[in-house]
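These protein sequence lines map, in sequence, to chains A and B.
Throughout the first sequence, residue numbering follows this note's numbering, covering 1 to 313 in sequence.
Throughout the second sequence, residue numbering follows this note's numbering, covering 314 to 636 in sequence.
Calculated from the structure, these hints are not laboratory results.
Do not rely on the hints blindly, as some may be mistaken.
[Unchecked claim] Which chain B residues stay away from chain A? Per the calculated CB distances, all over 10 Å, these:
#, residue
1, Ile317
2, Leu321
3, Val377
4, Tyr384
5, Thr390
6, Val400
7, Pro401
8, Gly415
9, Ile422
10, Ile496
11, Arg539
12, Lys541
13, Leu550
14, Tyr552
[Unchecked claim] Under 10 Å between C-beta atoms, here's a sample of chain A residues computed to sit facing chain B:
#, residue
15, Tyr155
16, Phe239
17, Ala257
18, Ala287
No residue lacks a Cβ here, since even glycine has one placed at the ideal position from N, Cα and C.
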Amino acid sequence: MAAPAMEANLSAAPATQEGFGRASFQRFSAAILRNRKATAGLLLLLFLAFVAAFPQVFTRVDPNAAIYPQAVGPSGAHWLGTTQVGQDVYAQLIWGTRLTLIITVVAGGGATLLSVLFGVAAAYFGGMVDRVLSVFIDIFLIIPTLPLLIILAAYLTGAGTVAIIAALIVTGWAFSARQLRSQGLSLRTRDFLEAARVRGERSMYVIFAEILPTMTSLLVANFMGLATYMVATAAGLQFLGLGNTSEVTWGTMLYYAQNNDAIQGGSNPWWALAPGFAVVLMGVAFALLNYAFDEIGNPALRAVRRPRARRAA
Amino acid sequence: MRYIAKRLGLFLVTLWAALTVNFLLPRVMPGNEAEAVYASMRNAPPSVLRALEVEFGVNVKQNVVLTYFQYLGNCFTGQFGLTVDRVPVMTKIMTSLPWTLGLVGVATIISFGLGTLLGVVAAWRRGGKLDSVLPPLLFIVTAFPVFFLGLLLLLIFAVTLGWFPTNGNYSLGSTPSLSPAFIGDVLSHAFLPALTLVLTLAGTWVYTMRNNMVTTLAEDYVRMARAKGLAPWRIMLDYSARNAILPNLTGFAMQMGFVLGGAILVEYTFSYPGVGYLFFTATDTHDLPLMEALFLLFTLAVLICVLAADFATAVLDPRTRET
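Chain A on its own, in the form it takes in the complex:
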């Protein structure tokens, strides 16, 4: 009874998969354009990426050159004022975009990868593997992240940005892994996975070619969510003076501003406000995309349009 069905599956598999890939891409871009949140988030992110890639377009001032009047407020010459040692805050803001964005994307991507590894593997293999991995995920969920991160960063003083990114990844993946696990569990009994199993595919193939593509919108949403978390967390860590404080990022700008009482002393509040709002802006960009992909994957969350709802009822 199973034989003809299997045969049909075998012959149909490559064609449908290719079609599915292209269709899902089209479905995705259509969904992004139709969803206002997604469009706004994407535009914002593209703008930030452009600033990160071509800072020279926006400023010709060297962000490290301490050659200007010290700690003055915004003026025509220095749009956001200067720092305590006479650097241009605007130039630092522009040049700081690059490393801030890199840390965010790499840490968010790494954590997504780790969460896929643990979450999907737990769901796919089930049984003992699932139980062990679940306990492991739970431990990482419970252990307070920021304190652990601060301890790691304190031990890694002078170890540089790569070490900080690693610490961010190690402490940040667990929540997403749990979500992916429960999504994976709900897929387990679907026919197309049964079919792959009956065909005798290797687990790696099933996970990467069969399970992950069906989770695309959840994966993208998770990456966006993790990136949102990373923007704020990395900034917080640098704000405390952890990590490499000699590199210009929005977080280190906030650290120096706070250490020189830019806000409490009132010399140049924009030294702290500008990078702070920039962090918010980047967070908003990723969060908008996160919410949008949540909605694409789970239509129940979409805002109700009143007139239509009434007509349906």
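Given the coordinates of chain A, assemble chain B onto it according to the supplied hints.
Below, chain B alone, put in the same frame as chain A:
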């Protein structure tokens, strides 16, 4: 009962994992507390380093397994040794702890209560005024990193308007007492840090509670309750909210780690001398014993909250009692 036993098992395993991480980190990572103190002294002969190593009990050649069990024993009896400035770790923690308990405790309860209530009402009147105003508002607030929100409130309400003090837990020179003046002083110092925490935390609760409510409101038993003609507030609270809050309880406890992280940043921003601030100064001065003890304290706090939430879920949700 099996549910509680399972959760208790997780409690013990996590506690053990945290203890072991704490034990391993200083041994894997470079540097130790004796070197940190030694580095802060100028022109001290190497013999001083040796003496410090003996005092802090580091670099002592001993069986690792034996040291590990000694360490576990010390943790259970609350002996965390000396800080870098040679004060018992527990003494330092105990002077800071009440301030954090007050600040974080009040802020968490307010934000959970307020957030849950707003979420329930927003979902109940889905698409209504509250439901259309809240999400964008919360979205913007939660996009602010907790420390930057603190800095903004500081700039607006303390520096510009001068309504609240900029830092500390009470005014310099005033003596702690139970007089109304002193209590007022303490409250005005705690207000901005507490507000920062409430604003950052409440958003998550509103969002998750609203989404849970939306799901439960579509359930058959809610339709049944409506058909029976029950009072709307009974349907809202007894039928929907009660079930919607269940998954939130564990989430609430799990978030405690996030709350503590937020408390560290907020206390640092406002120079509020609680355990969060203490933790920051410990990392700044490389005070490893203090850092480790505080990390354990934070983990334990989250664990106790998770366990409490599990008990509450077991009481509220009959399904957990059977499996």
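Going through the hints against the structure:
1. Ile317: 16 Å, holds
2. Leu321: The assertion about leucine 321 of chain B holds, with a minimum of 13 Å to chain A.
3. Val377: Consistent with the label, valine 377 of chain B stays out of reach of chain A, its closest Cβ about 19 Å off (over 10 Å).
4. Tyr384: 16 Å, holds
5. Thr390: 22 Å, holds
6. Val400: 20 Å, holds
7. Pro401: 21 Å, holds
8. Gly415: Glycine 415 of chain B is indeed farther than 10 Å from all Cβ atoms of chain A, at 19 Å.
9. Ile422: 19 Å, holds
10. Ile496: Given a closest Cβ separation of 25 Å, the condition holds.
11. Arg539: 12 Å, holds
12. Lys541: 19 Å, holds
13. Leu550: 22 Å, holds
14. Tyr552: Holds, because the least Cβ-Cβ distance between tyrosine 552 of chain B and chain A comes to about 19 Å, which exceeds 10 Å.
15. Tyr155: 4 Å, holds
16. Phe239: Cβ of phenylalanine 239 of chain A sits 5 Å from chain B, so the hint holds.
17. Ala257: 9 Å, holds
18. Ala287: 6 Å, holds
Hint compliance for this structure: no hint is broken.
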